[in-house]
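Sequence lines, in order, name chains A and B.
Just so we're aligned, residue 1 is where the first sequence starts under our numbering, counting upward by one.
Just so we're aligned, residue 1 is where the second sequence starts under our numbering, counting upward by one.
Among the hints, erroneous ones may be present.
Repeated chains share a single entry, so a pair holds when one copy, or any two copies, can fit it.
Pairs of lysine-lysine residues, derived as BS3-like cross-links and limited to a Cα-Cα distance of at most 25 Å, are as follows [to be verified]:
hint, residue 1, residue 2
1, K81, K201
2, K114, K201
3, K226, K150
4, K2, K229
5, K229, K114
6, K219, K239
7, K2, K81
8, K150, K238
9, K238, K219
10, K219, K229
11, K229, K201
12, K2, K226
13, K114, K219
14, K114, K150
15, K239, K81
16, K229, K239
17, K2, K115
18, K115, K229
It is worth saying that the hints were derived from the structure and are not from the lab.
There are 2 protein chains.
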Amino acid sequence: MKLVIIGSGNVANVLGRMLFAAGHEIMQVVGRNQEAVQVLANSLQADACFDQSEIAGGADLYLFALSDAALYQLDEQPGLKNGICVHTAGSVPATVFSRISRSFGVLYPLQTMKKGDDPGQDIPFLINGNTHDVIQIISRVASTISSSVKVLDDDRRAKIHLAAAIVNNFSNHLFALAYDFCESEELDYSLLGPLISLTAKLAGQGDPALLQTGPAARKDFITMEKHEKLLSDYPVLKKIYQVMSESIISRN
Amino acid sequence: MKLVIIGSGNVANVLGRMLFAAGHEIMQVVGRNQEAVQVLANSLQADACFDQSEIAGGADLYLFALSDAALYQLDEQPGLKNGICVHTAGSVPATVFSRISRSFGVLYPLQTMKKGDDPGQDIPFLINGNTHDVIQIISRVASTISSSVKVLDDDRRAKIHLAAAIVNNFSNHLFALAYDFCESEELDYSLLGPLISLTAKLAGQGDPALLQTGPAARKDFITMEKHEKLLSDYPVLKKIYQVMSESIISRN
Chain A
1 MKLVIIGSGN VANVLGRMLF AAGHEIMQVV GRNQEAVQVL ANSLQADACF
51 DQSEIAGGAD LYLFALSDAA LYQLDEQPGL KNGICVHTAG SVPATVFSRI
101 SRSFGVLYPL QTMKKGDDPG QDIPFLINGN THDVIQIISR VASTISSSVK
151 VLDDDRRAKI HLAAAIVNNF SNHLFALAYD FCESEELDYS LLGPLISLTA
201 KLAGQGDPAL LQTGPAARKD FITMEKHEKL LSDYPVLKKI YQVMSESIIS
251 RN
Chain B
1 MKLVIIGSGN VANVLGRMLF AAGHEIMQVV GRNQEAVQVL ANSLQADACF
51 DQSEIAGGAD LYLFALSDAA LYQLDEQPGL KNGICVHTAG SVPATVFSRI
101 SRSFGVLYPL QTMKKGDDPG QDIPFLINGN THDVIQIISR VASTISSSVK
151 VLDDDRRAKI HLAAAIVNNF SNHLFALAYD FCESEELDYS LLGPLISLTA
201 KLAGQGDPAL LQTGPAARKD FITMEKHEKL LSDYPVLKKI YQVMSESIIS
251 RN
């Protein structure tokens with residue numbers, strides 16, 4: 001299929017590479033960050049375009065890998081009228097495109113993406129479209145890069161996006177705070193690697209509440225008090241320790 | 001080596017199995033939970049003992065896999081005087097044994113353990129002992145079940161135990177809250193599996209702050225507001241959402 005990619009950030013890079021590798025023709029990469037656009041365009045054998053008013057007509061699919069705010073500020077472009085416009089956002093309704101195209105939808109990858117990463121082959125893609133035919137076409141594209149493609153409406157996608165923020169953004173932040181703590185205390189953060197990895201492996205397999213261990217789960221207030229003392233120089237981490245411990249105690 | 005295991009919970013089970021598989025002779029499993037003690041003793045070809053006053057003398061190492069509270073309430077036993085007493089706790093000093101034995105130390109596995117799990121081969125063991133010779137012997141035992149054995153004093157072990165609680169207990173609780181949310185909203189939690197797994201894989205490889213994505217990291221207050229609205233029926237999760245987001249914003 002002929003595709004145009006709008007955006008040159010993490011999602012544009014990773015999805016662009018996946019789509020190109022699956023054999024799609026990437027006509028253009030479009031964006032204002034000239035250096036990033038040029039680099040991505042080169043790697044996808046595509047034209048670089050730095051002005052949204054010069055988007056090529058004639059693509060089957062226009063993939064908008066942009067921030068939520070940018071999606072709400074799109075200008076009408078005659079070239080877009082006959083292609084399918086899709087975005088990659090969890091919490092933006094497909095109808096954000098209703099002003100600028102007759103055919104539109106969503107191609108949301110439920111995975112964290114950084115430019116250089118290999119995100120693996122098993123990314124779930126949650127898709128949506130404004131007609132049955134549009135959904136069929138988006139599904140066909142998604143199926144060339146993933147074996148896990150599901151149709152989900154905007155409301156339900158927004159909820160799974162929230163769940164994704166909790167399991168990725170917040171757990172990653174906990175890991176970052178633990179990393180900072182280890183750096184400050186001159187402890188070897190890499191000792192935590194096997195624990196982080198097993199925690200995630202087990203939590204992906206069933207109800208994580210059944211796996212809960214630690215001082216809060218066993219209401220071991222002596223250890224919790226020791227931990228809070230050790231955190232007296234880390235007020236943010238101490239507050240998170242208390243809020244999370246309270247929540248574990250009330251859940252268990 | 002000849003070992004006695006005191007305790008029949010998760011850590012006693014997992015370490016017991018590992019030590020038995022490594023060829024050590026488990027003389028006794030000791031504890032008050034008769035059924036659990038008997039099951040573990042049978043699987044380790046050991047005697048079951050339900051009364052701490054009947055602990056066998058003559059073992060090289062007495063492994064106390066007990067709660068912190070229980071470690072602080074141990075009675076003196078003549079049989080223990082000549083063996084090395086070790087516990088498996090992160091935040092309890094080795095000197096908890098000073099009343100009951102001449103030789104004592106710590107064999108702390110930096111991993112989460114549930115009875116039936118296979119915790120893998122790469123568990124870091126953080127050890128300590130009251131003399132150089134005791135440390136050598138504990139190190140020799142630990143090396144039969146792990147390639148990652150480090151000597152760490154009580155204060156530093158308590159700090160890494162705290163970091164372990166943060167990366168395991170708290171992230172697991174986030175996964176549990178996301179699981180509950182998916183159940184309530186009739187969303188398929190298993191869609192989050194690849195995301196949880198990649199999050200952990202990347203976070204184990206370097207500074208996780210460099211991987212931070214999501215609404216809070218990009219100060220996307222529109223999406224954060226949407227998320228908080230979706231959480232209006234989940235007050236605990238909403239509070240955690242706010243505390244974690246604030247911390248991400250102040251860190252980024």
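Hint check results:
1. Proximity of K81 to K201 under the C-alpha cut-off of 25 Å is found in neither arrangement, the shortest distances being 45 Å within a copy and 42 Å between copies.
2. Taking the shortest alpha-carbon separations for K114 and K201, both the intra-copy value of 21 Å and the inter-copy value of 13 Å come in at or below 25 Å.
3. For the identical chains of this complex, K226 and K150 are inter-copy neighbours only, at 23 Å across copies versus 47 Å inside a copy, given an alpha-carbon limit of 25 Å.
4. In this assembly of identical chains, K2 and K229 lie within 25 Å of each other by CA distance neither inside one copy nor across copies; the values are 60 Å within and 38 Å between.
5. Within a single copy, K229 and K114 get their C-alpha atoms no closer than 36 Å, and across copies no closer than 28 Å, so neither meets the 25 Å cut-off.
6. For the homomeric pair K219 and K239, the shortest alpha-carbon distances inside one copy (18 Å) and between copies (21 Å) are both at most 25 Å.
7. Taking the shortest alpha-carbon separations for K2 and K81, only the intra-copy value of 15 Å comes in at or below 25 Å, while the best inter-copy value is 79 Å.
8. In this assembly of identical chains, K150 and K238 lie within 25 Å of each other by CA distance neither inside one copy nor across copies; the values are 40 Å within and 27 Å between.
9. When the C-alpha separation of K238 and K219 is checked against a cutoff of 25 Å, the pair qualifies both within a copy, at 17 Å, and between copies, at 23 Å.
10. For a Cα distance limit of 25 Å, the shortest separation of K219 from K229 inside one copy, 17 Å, qualifies, whereas the shortest one across copies, 31 Å, does not.
11. For a Cα distance limit of 25 Å, the shortest separation of K229 from K201 qualifies neither inside one copy, at 31 Å, nor across copies, at 30 Å.
12. Taking the shortest alpha-carbon separations for K2 and K226, neither the intra-copy value of 60 Å nor the inter-copy value of 34 Å comes in at or below 25 Å.
13. Proximity of K114 to K219 under the C-alpha cut-off of 25 Å is restricted to the inter-copy arrangement: shortest distance 17 Å between copies versus 39 Å within a copy.
14. In the homo-oligomer, the alpha carbons of K114 and K150 lie at most 25 Å apart inside one protomer (23 Å), although the nearest pairing across protomers, at 34 Å, exceeds that limit.
15. Within a single copy, K239 and K81 get their C-alpha atoms no closer than 51 Å, and across copies no closer than 43 Å, so neither meets the 25 Å cut-off.
16. For a Cα distance limit of 25 Å, the shortest separation of K229 from K239 qualifies both inside one copy, at 12 Å, and across copies, at 23 Å.
17. For the homomeric pair K2 and K115, the shortest alpha-carbon distance inside one copy (22 Å) is at most 25 Å, but the shortest distance between copies (54 Å) is not.
18. In this assembly of identical chains, K115 and K229 lie within 25 Å of each other by CA distance neither inside one copy nor across copies; the values are 40 Å within and 31 Å between.
The structure fails hints 1, 4, 5, 8, 11, 12, 15 and 18 (numbered hints given earlier, in ascending order).
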